[in-house]
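Line order of the protein sequences matches chains F and V. Position in the first sequence (first residue = 1) + 19 = the working numbering. Position in the second sequence (first residue = 1) + 19 = the working numbering.
Because the hints were derived from the structure by calculation, they are not lab data. Accuracy of the hints is not assured; some may be wrong.
It does not matter which identical chain is meant; a pair holds if it fits inside one copy or across any two.
Unchecked claim - Straight-line Cα separation of at most 25 Å, PhoX-like style, residue types lysine-lysine; simulated pairs:
1) Lys188 - Lys69
2) Lys297 - Lys317
3) Lys375 - Lys224
4) Lys224 - Lys339
5) Lys188 - Lys216
6) Lys188 - Lys154
7) Lys216 - Lys317
8) Lys383 - Lys297
9) Lys350 - Lys339
10) Lys316 - Lys73
11) Lys243 - Lys224
Here the structure is a predicted model, which means the values were calculated and not measured.
There are 2 protein chains.
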Amino acid sequence: MSIEVVSIGNEVLRGIIVNTNAAFLGRRLAEEGWDIACQTTLPDEPDVLKQGLKEALMRNPVVIATGGLGPTLDDNTLECAKELFSNPPNNLPNGVGTAPGYFFSESNRALFLLPGVPSEMEQMFEESVFPYLKKHLPATLLHREELFFYLTRENDVDPLLRELQGKYKLDIGIYPSYSGVSIVLRGPNNEHLITAKKIIAEAFKASLLPSSKMEEAIQSWMIKHQKTLALAESCTGGFMASQLTAVPGASSYFLGSLVTYSNQLKEDLLGVSPETLKNHGAVSPEVVHEMWTGLLKKTGADYGIAVSGIAGPTGGSSEKPVGTVFYALGKRGEKPQINTLHFKGNRQTVILRTTKWLFGLLLKQIL
Amino acid sequence: MSIEVVSIGNEVLRGIIVNTNAAFLGRRLAEEGWDIACQTTLPDEPDVLKQGLKEALMRNPVVIATGGLGPTLDDNTLECAKELFSNPPNNLPNGVGTAPGYFFSESNRALFLLPGVPSEMEQMFEESVFPYLKKHLPATLLHREELFFYLTRENDVDPLLRELQGKYKLDIGIYPSYSGVSIVLRGPNNEHLITAKKIIAEAFKASLLPSSKMEEAIQSWMIKHQKTLALAESCTGGFMASQLTAVPGASSYFLGSLVTYSNQLKEDLLGVSPETLKNHGAVSPEVVHEMWTGLLKKTGADYGIAVSGIAGPTGGSSEKPVGTVFYALGKRGEKPQINTLHFKGNRQTVILRTTKWLFGLLLKQIL
Numbered sequence: 020m021s022i023e024v025v026s027i028g029n030e031v032l033r034g035i036i037v038n039t040n041a042a043f044l045g046r047r048l049a050e051e052g053w054d055i056a057c058q059t060t061l062p063d064e065p066d067v068l069k070q071g072l073k074e075a076l077m078r079n080p081v082v083i084a085t086g087g088l089g090p091t092l093d094d095n096t097l098e099c100a101k102e103l104f105s106n107p108p109n110n111l112p113n114g115v116g117t118a119p120g121y122f123f124s125e126s127n128r129a130l131f132l133l134p135g136v137p138s139e140m141e142q143m144f145e146e147s148v149f150p151y152l153k154k155h156l157p158a159t160l161l162h163r164e165e166l167f168f169y170l171t172r173e174n175d176v177d178p179l180l181r182e183l184q185g186k187y188k189l190d191i192g193i194y195p196s197y198s199g200v201s202i203v204l205r206g207p208n209n210e211h212l213i214t215a216k217k218i219i220a221e222a223f224k225a226s227l228l229p230s231s232k233m234e235e236a237i238q239s240w241m242i243k244h245q246k247t248l249a250l251a252e253s254c255t256g257g258f259m260a261s262q263l264t265a266v267p268g269a270s271s272y273f274l275g276s277l278v279t280y281s282n283q284l285k286e287d288l289l290g291v292s293p294e295t296l297k298n299h300g301a302v303s304p305e306v307v308h309e310m311w312t313g314l315l316k317k318t319g320a321d322y323g324i325a326v327s328g329i330a331g332p333t334g335g336s337s338e339k340p341v342g343t344v345f346y347a348l349g350k351r352g353e354k355p356q357i358n359t360l361h362f363k364g365n366r367q368t369v370i371l372r373t374t375k376w377l378f379g380l381l382l383k384q385i386l
Numbered sequence: 020m021s022i023e024v025v026s027i028g029n030e031v032l033r034g035i036i037v038n039t040n041a042a043f044l045g046r047r048l049a050e051e052g053w054d055i056a057c058q059t060t061l062p063d064e065p066d067v068l069k070q071g072l073k074e075a076l077m078r079n080p081v082v083i084a085t086g087g088l089g090p091t092l093d094d095n096t097l098e099c100a101k102e103l104f105s106n107p108p109n110n111l112p113n114g115v116g117t118a119p120g121y122f123f124s125e126s127n128r129a130l131f132l133l134p135g136v137p138s139e140m141e142q143m144f145e146e147s148v149f150p151y152l153k154k155h156l157p158a159t160l161l162h163r164e165e166l167f168f169y170l171t172r173e174n175d176v177d178p179l180l181r182e183l184q185g186k187y188k189l190d191i192g193i194y195p196s197y198s199g200v201s202i203v204l205r206g207p208n209n210e211h212l213i214t215a216k217k218i219i220a221e222a223f224k225a226s227l228l229p230s231s232k233m234e235e236a237i238q239s240w241m242i243k244h245q246k247t248l249a250l251a252e253s254c255t256g257g258f259m260a261s262q263l264t265a266v267p268g269a270s271s272y273f274l275g276s277l278v279t280y281s282n283q284l285k286e287d288l289l290g291v292s293p294e295t296l297k298n299h300g301a302v303s304p305e306v307v308h309e310m311w312t313g314l315l316k317k318t319g320a321d322y323g324i325a326v327s328g329i330a331g332p333t334g335g336s337s338e339k340p341v342g343t344v345f346y347a348l349g350k351r352g353e354k355p356q357i358n359t360l361h362f363k364g365n366r367q368t369v370i371l372r373t374t375k376w377l378f379g380l381l382l383k384q385i386l
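With the rest of the complex left out, here is chain F:
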């Protein structure tokens, strides 16, 4: 008894938009204990779309489809679905917007058609699809535990996980990210799950975080200890601040970020001396040190991070190649850590890795 998620639209198939709807549905279904059989993305072409929906309904008793319900010329989902059922659909209520949603049901097959706009799709899932599934399709996998370790690699945790998988017959997933690794344990026996979780948590307790969001862990600690944080960003260009402020309530501890992209702003706002910039260059330990000192002085923050590097693709040299990043990080009244990092990858990757790495170092210092 499994569920299939179907994403509809040439814009998804052709990569014009990234399929965040499938990720949302997959995550919510897994969280609630359902197994997703597979996920399929189909084009807008009526013949192919109709055939694809038909096959999905043959493979699985419940199909949740998103997209192609709009009023424009490339939206064909409803017409195709109508040809697969003899009963007309029920309308699903939309508490957020104006897009329609539909529910077809016949001979133990159910098809939900949800809008492609994420906010409307998500609300319709919670209000209409989830209650239906809970009532008609009891979840098979009831237990699930998740752990997150920051600044940790797949290979660090793999041997222990293999041992536990064999011993307790668990379904174990290791999911690496730029922040660290998430480990998800699933299985029918809750006691086994809890025991395995404890063993893993104990083995890597120095890197264990309460959630996979380092930004949330920073916020919790700062608020609990009534401390404030400010940033001085150059190469990360505001990305670090945007990650911290994405968490609701960030204003309780986060004062702000001085995104000093130009050298002139580094001088005017942070008090970096023109001589230091001239002698060592903007990407140097000396400049991040002065940025950090100026940052704490200007903002009055308890903790500060200053960062300057070469995100690329241009601006690198043999001495300081693209991916070279200097940072100063620390607490008011103490000497900051000043160091250099080297990251591989394109501009976006260098910015992302720098951000997550520095948040990890901050957590290491405060936890």
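Chain F is already provided as a structure; the job is to place chain V on it using the hints.
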């Protein structure tokens, strides 16, 4: 003769990571003129995975699969693929990292196995998969044109597109985003395509941009006219700056952003008066005006945008609900536009919509 993209891994199926690899492959294949038949995401379980790969190879002559090639306990892709072919695979070179890649070929069926890490997958696609496809699977759709209109909605363009679709027998896609709409025209007759493109461009020329990236359009204009830009961000928390600095070369015109999340920083860095903050609140036309004035004074920028709003989920009131955003935008020496915007959606959506809307307004002013 079509291509199927297969994504492998429970982390994708269960939404722990968003499937950007499928978007990359879809985009690149479409750009080069291939039709993607469909995209499928399969779990790590060997039996289901093997069956899924087998079905994909029956449906389509070329299958490009990503993920599940790592060394850890949940990686089973290679073993499953080996059971479907009698010949062993060839190794694909990896110019970026250490992850392996494989190519199976037999009886007019081809299966590429690429790593799940985006940077390694992308490079391997360009260096190994793309040359193979070009040689063995001539693209059927040779012509493709794309237009982007900012601050434009689907319904604005739909009637004209329907007319052109009927007249010129084109495959037309309308892809709305927070920035505007992208329109993609595809078809076998290049003359028809060019004619239709001209008609559409002419009809909405006031909103036409050279690319779907407003940030690139801003950068081109600023560099061409030797102007500089700076931001004063409150509710967007550095996100606006991060979008501008994501474009390589942004340092040529973008001076920086003063992310003044706390009121104290609004006073200290931007010179907003404590009385204005007290009398009108941080989210008010008066405060964004003072932020804007202070921003241009502090940074010396030619153009500035100041923004303060309520991103939510808390902090709203009946007078200023969540999604209320004030901005001041304009050119040094002239009176700035000061106005209020209202956006629906969660915190992330409010920040994203604010950012794209303000970039659109800046473009409207300068273009």
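Structure-based check of all given hints:
no. : hint            : verdict
1   : Lys188 - Lys69  : between (40 Å within a copy, 21 Å between copies)
2   : Lys297 - Lys317 : both (23 Å within a copy, 22 Å between copies)
3   : Lys375 - Lys224 : within (19 Å within a copy, 42 Å between copies)
4   : Lys224 - Lys339 : neither (35 Å within a copy, 44 Å between copies)
5   : Lys188 - Lys216 : within (13 Å within a copy, 59 Å between copies)
6   : Lys188 - Lys154 : neither (29 Å within a copy, 47 Å between copies)
7   : Lys216 - Lys317 : neither (45 Å within a copy, 53 Å between copies)
8   : Lys383 - Lys297 : neither (33 Å within a copy, 38 Å between copies)
9   : Lys350 - Lys339 : neither (28 Å within a copy, 37 Å between copies)
10  : Lys316 - Lys73  : neither (65 Å within a copy, 63 Å between copies)
11  : Lys243 - Lys224 : within (21 Å within a copy, 54 Å between copies)
In terms of the numbered hints stated before, the structure departs from hints 4, 6, 7, 8, 9 and 10, listed from lowest to highest.
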